[in-house]
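S.K.: All residue numbers for the sequence shown refer to my numbering, where the first residue is 22 and numbers rise by one.
To be clear, the hints were calculated from the coordinates, so they are not data collected in a lab.
Backbone N, C-alpha and C define an ideal beta-carbon position, used for all residues, glycine too.
Just to be clear, a hint being listed does not mean it is correct.
Stated by the list, open to error - Straight-line C-alpha distance at most 20 Å; calculated EDC-like pairs for lysine to aspartate or glutamate: (1) K171 to D46; (2) K143 to D415; (3) K171 to E62; (4) K394 to D423; (5) K374 to D404; (6) K278 to E348; (7) K394 to E351; (8) K27 to E318; (9) K278 to E384; (10) K374 to E384; (11) K375 to E416; (12) K27 to D311; (13) K374 to E416; (14) K271 to E384.
As the list claims (entries may be wrong) - Label-pair restraints from in silico Cβ distances: (15) D352 to V427: 21 to 31 Å; (16) K374 to G328: 41 to 51 Å; (17) G328 to P275: 43 to 53 Å; (18) K83 to T201: 48 to 58 Å; (19) S199 to L73: 45 to 55 Å; (20) D404 to S294: 28 to 38 Å; (21) L73 to S323: 19 to 29 Å; (22) Q326 to D352: 38 to 48 Å; (23) P207 to K394: 36 to 46 Å; (24) P207 to N32: 30 to 40 Å; (25) L166 to P303: 18 to 28 Å; (26) N32 to I218: 41 to 51 Å.
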Amino acid sequence: PSPPRKPLWHNDTTVPYTLSTHIIDAAPFRTCPEFRPLEEESMVSYAEMNNLDPKARQKAAKENVGKMWEWRIQLDESRRAKGGLDVHERLLRRRKGLTLVFVHPIGCNKETWEPLIWSLLKSPAGRDVEEIWTWEAVDTGDSALLNEGKLNQMSDWYDSARDFLHFLLHYLPSQITSTTLPTHLPRVSTTEFQHRIDQGFSDSDSDSNRRRRRIIAIGHSFGGNVCARSCYTYPRLFSALVLADPGIVKRNHPTLKRTITFLAQFGFSRISSWKSRCKKSPFFAPWHPDAFTIYIESGLHSDPQTGEVHLKMHPVCEALANINAKETCEDMYEKLPRLDGGVYLKWVMPDPKKGGGIGGLPELSAELVRQRKGYTSSVNLPDAAHMIPMEKPDEMAREIADTIQVVFGTPARM
Numbered sequence: 022p023s024p025p026r027k028p029l030w031h032n033d034t035t036v037p038y039t040l041s042t043h044i045i046d047a048a049p050f051r052t053c054p055e056f057r058p059l060e061e062e063s064m065v066s067y068a069e070m071n072n073l074d075p076k077a078r079q080k081a082a083k084e085n086v087g088k089m090w091e092w093r094i095q096l097d098e099s100r101r102a103k104g105g106l107d108v109h110e111r112l113l114r115r116r117k118g119l120t121l122v123f124v125h126p127i128g129c130n131k132e133t134w135e136p137l138i139w140s141l142l143k144s145p146a147g148r149d150v151e152e153i154w155t156w157e158a159v160d161t162g163d164s165a166l167l168n169e170g171k172l173n174q175m176s177d178w179y180d181s182a183r184d185f186l187h188f189l190l191h192y193l194p195s196q197i198t199s200t201t202l203p204t205h206l207p208r209v210s211t212t213e214f215q216h217r218i219d220q221g222f223s224d225s226d227s228d229s230n231r232r233r234r235r236i237i238a239i240g241h242s243f244g245g246n247v248c249a250r251s252c253y254t255y256p257r258l259f260s261a262l263v264l265a266d267p268g269i270v271k272r273n274h275p276t277l278k279r280t281i282t283f284l285a286q287f288g289f290s291r292i293s294s295w296k297s298r299c300k301k302s303p304f305f306a307p308w309h310p311d312a313f314t315i316y317i318e319s320g321l322h323s324d325p326q327t328g329e330v331h332l333k334m335h336p337v338c339e340a341l342a343n344i345n346a347k348e349t350c351e352d353m354y355e356k357l358p359r360l361d362g363g364v365y366l367k368w369v370m371p372d373p374k375k376g377g378g379i380g381g382l383p384e385l386s387a388e389l390v391r392q393r394k395g396y397t398s399s400v401n402l403p404d405a406a407h408m409i410p411m412e413k414p415d416e417m418a419r420e421i422a423d424t425i426q427v428v429f430g431t432p433a434r435m
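Whenever a hint applies, use it, and build me the whole structure from the sequences.
M.R.: Below is the structure:
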């Protein structure tokens, strides 16, 4: 969907990792049906906002998000629907080590992890990371471009977790190898799939030369919920989780719906096309310069006919992704105490002085990190708000390095 590109560190000889992009099928059955009003109302209404002033855009966004809440409430049963395509990036080092898998927040494509990854790979702990995958949801980034015309569903976070597991169970290559992989990843064998269901990525008795994959999943916001839910379902696939202010909030807390509504209205009211990539929004002011640069380069695409620059994730899809957060945020909160005790869990949370994170209150974040007892730790990053990986990539990288040290005994000095 996008032309081949070089990573941020392509001139850094101390980071010998290659970059490749791959495509897989998403999970074939969806929990939400196709929904005609998305095309007939939401997309039409959004297009009509082009000539409105900011105040009128906000009013239109409020009205449309209100409709989305009504649709979500009415949606009480699902039917089978064809899945889309997911696009992922693979970073490979030619030596034995760990596998890291990153899952993005809503509105941020897979490439926005690169400043953090670069910082991590330059560290002593990074030298033991052999392979990295950056996963992307069907409605985000290059995946959204490939699925254009198919995103007419009330996308559900449950489906996103199923898509992530679909990748790990069916498509993650059986062995870490320096061999170039095809763009369209093939499925693993039925035998391998069943082995992963039963034993995770443990060594197979039938292949004594095969080395075990050790996976750390790193998720932010929506991505944190996806990682936690996937680990809850198939804990044997994971050695550790690193969750940055994840989308996991106590049930019926009054701040949750307000936060979701605000984010949905913000998403719906976004301008989706510009004459150039140069105009900067105040929203990105706290971001690390490298994170903003890579977002501008890879989160937007140019229309070859008009020359205009467009968001890869449509604002209507961004609004829907937020509207569908409530039940999955609350449900995962209740599952946390039962998360497998053998998986190390590292919470990376915002500075309490910066608004308290996705829950809206510092005390909610403090309560969240206590829900899973035992093999866990937490940290609040000074001066960080919700967008931790994009605002503080170096500091977040240190927490991942610390996780590698705790789980695998690798020095974490950075």
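S.K.: For each hint given before, does the structure comply? Return the numbers of the non-compliant ones in rising order.
M.R.: Going through the list in order, the structure violates no hint and respects every one.
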